[in-house]
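Assemble the whole structure, with the sequences as input and the hints as a guide.
Each number in this note's numbering corresponds to the 1-based position in the sequence shown with 1 added.
Some hints here could point you the wrong way.
Per label pair, the in silico range of CB-to-CB distance [what the hints assert, rightly or not]:
| no. | residue 1 | residue 2 | range |
| --- | --- | --- | --- |
| 1 | Met25 | Glu56 | 16 to 22 Å |
| 2 | Thr22 | Gly62 | 15 to 21 Å |
| 3 | His39 | Ile75 | 29 to 35 Å |
| 4 | Thr76 | Met32 | 18 to 24 Å |
| 5 | Met25 | Leu5 | 26 to 32 Å |
| 6 | Gly62 | Met32 | 18 to 24 Å |
| 7 | Phe95 | Thr6 | 19 to 25 Å |
| 8 | Ala35 | Thr86 | 35 to 41 Å |
| 9 | Met24 | Cys90 | 24 to 30 Å |
| 10 | Val80 | Glu56 | 22 to 28 Å |
| 11 | Phe57 | Leu5 | 37 to 43 Å |
I should point out that these hints are in silico values taken from the structure, not numbers from a laboratory. A virtual CB, placed ideally from N, CA and C, is assigned to each residue, including glycine.
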Amino acid sequence: MGILTNLLRSLLLTIIFSFITPMMLIGVSWMSFALISHLPSLQRIGQSGSAQIWEFLATFGSGHPWQGCLVIAITCSLVGAMFDTYVFCQNSRFN
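Set out below in structure tokens:
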């Protein structure tokens, strides 16, 4: 039963961190463009970057940027879970 609990704990942590990481990356990049847009000389660059991030997210979210952010985060968490399962199986095979 110890192997199953180790796998589930590892999977849960991997899914959580793999979900949070892209959300944080998208949020930090959007916030940096939003802050840049408040500088008078870089206002166009900040607004353009912010608009491009929203368009990119809307592509994955069927027109809704927040849905796109969730789709990317859920996909990353599933990929992280599959990778963690693969590593766990390879590790248990050699031990």
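To see whether the hints hold, each was checked on the structure:
Checking the proposed 16 to 22 Å range against methionine 25 and glutamate 56 shows it holds: the Cβ atoms sit about 20 Å from each other. Between threonine 22 and glycine 62 the beta carbons are some 18 Å apart, a value that agrees with the proposed interval 15 to 21 Å. At roughly 32 Å, the beta-carbon separation of histidine 39 and isoleucine 75 lies within the given 29 to 35 Å, and the hint holds. For threonine 76 and methionine 32, the hinted distance range of 18 to 24 Å is satisfied, since their beta carbons lie about 22 Å from each other.
The beta-carbon spacing between methionine 25 and leucine 5, approximately 30 Å, falls within the hinted interval of 26 to 32 Å. A hinted range of 18 to 24 Å for the beta carbons of glycine 62 and methionine 32 is consistent with their spacing of about 19 Å. Between phenylalanine 95 and threonine 6 the CB atoms are about 20 Å apart, so this pair conforms to the stated range of 19 to 25 Å. The hint said 35 to 41 Å for the Cβ distance between alanine 35 and threonine 86, and at roughly 38 Å that hint holds.
Range check, methionine 24 to cysteine 90: Cβ separation about 28 Å, and the 24 to 30 Å hint holds. About 24 Å separates the C-beta atoms of valine 80 and glutamate 56, a value consistent with the hinted range of 22 to 28 Å. With their beta carbons about 39 Å apart, phenylalanine 57 and leucine 5 fall inside the hinted range of 37 to 43 Å.
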